[in-house]
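As they're listed, the protein sequences go chains A and B. Position one of the first sequence corresponds to residue 0 (the working numbering), numbered consecutively onward. Position one of the second sequence corresponds to residue 3 (the working numbering), numbered consecutively onward.
Hints in this document: simulated from the structure, not taken from any laboratory. Note that the Cβ used here is the ideal one computed from N, Cα and C, for glycine as well. Mixed in with the good hints there might be a few duds.
Unchecked claim - Covered stretches of chain B, going by a simulated chain A footprint (3 or more residues, C-beta under 8 Å):
#1 43–49
#2 56–69
#3 81–88
#4 93–104
Residue strings, one per chain:
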Amino acid sequence: KQEVTQIPAALSVPEGENLVLNCSFTDSAIYNLQWFRQDPGKGLTSLLLIQSSQREQTSGRLNASLDKSSGRSTLYIAASQPGDSATYLCAVRTPYSSASKIIFGSGTRLSIRP
Amino acid sequence: KAGVTQTPRYLIKTRGQQVTLSCSPISGHRSVSWYQQTPGQGLQFLFEYFSETQRNKGNFPGRFSGRQFSNSRSEMNVSTLELGDSALYLCASSLDSSYNSPLHFGNGTRLTVT
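Pulled out of the complex, with its shape left as it was, chain A reads as follows (with noise of 0.2 Å):
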């Protein structure tokens, strides 16, 4: 059974600086992995998908890698600000063999210190 999970569960930083978010997940048998950030009392909003044939994505600041083997992605933002203040999420998709399925961990919420 899939696991996703996402430590640690909070992160407090100040502005400026590079941080990164991680990502594991107990079966390396997936589709492909997304990031999302959630802000308070909205929907998710998509930042990167990584296919299972990839080893990263960037968008912008934003720079997501994956490693199957290990289980494991991580999601580096650069030159951090206040407004990436957020939950952030990662979701797996399984593969079709499995009634493809989409597990999300229980995210790292991120706080910016201006």
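Please arrange chain B on chain A, whose structure you already have, making use of the hints.
Same frame as chain A, but now just chain B:
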């Protein structure tokens, strides 16, 4: 381009009643999926539709059901409501049948069961 629209935004129901939530996807998107978010269980996948057919289903009891119409709009229904069904229900749409199309979320319907 309008985003994913979920109605109503808030809903209060009594235990034992049933409820129907609505989701209008982004124009041109043909896949819709539903999720339940609670503080205790986090974000959990309910089901997913493409071209009016349910493609995948999460691990929820039969009281939770859904459907998709020919215009891609979707509804989910919860019958015989329980206190534990209180949650934020999120809908997401994606462009096509590819699991590698990013998910776009609505802001959710906050359901409170008393």
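Hint by hint, here is what the structure shows:
With 4 residues bearing a CB less than 8 Å from a CB of chain A, the segment 43–49 of chain B meets the requirement of three and the coverage assertion stands. Only residues whose beta carbon comes within less than 8 Å of a beta carbon in chain A count, and the segment 56–69 of chain B has 4; three or more means the coverage holds. Counting residues of the segment 81–88 of chain B whose CB lies closer than 8 Å to any CB of chain A gives 0, so the stated coverage by that chain is violated, three being the minimum. For a cut-off of 8 Å, the count of residues in the segment 93–104 of chain B with a CB near a CB of chain A stands at 4, and the three-residue condition holds.
The structure fails hint 3 only (numbered hints given earlier).
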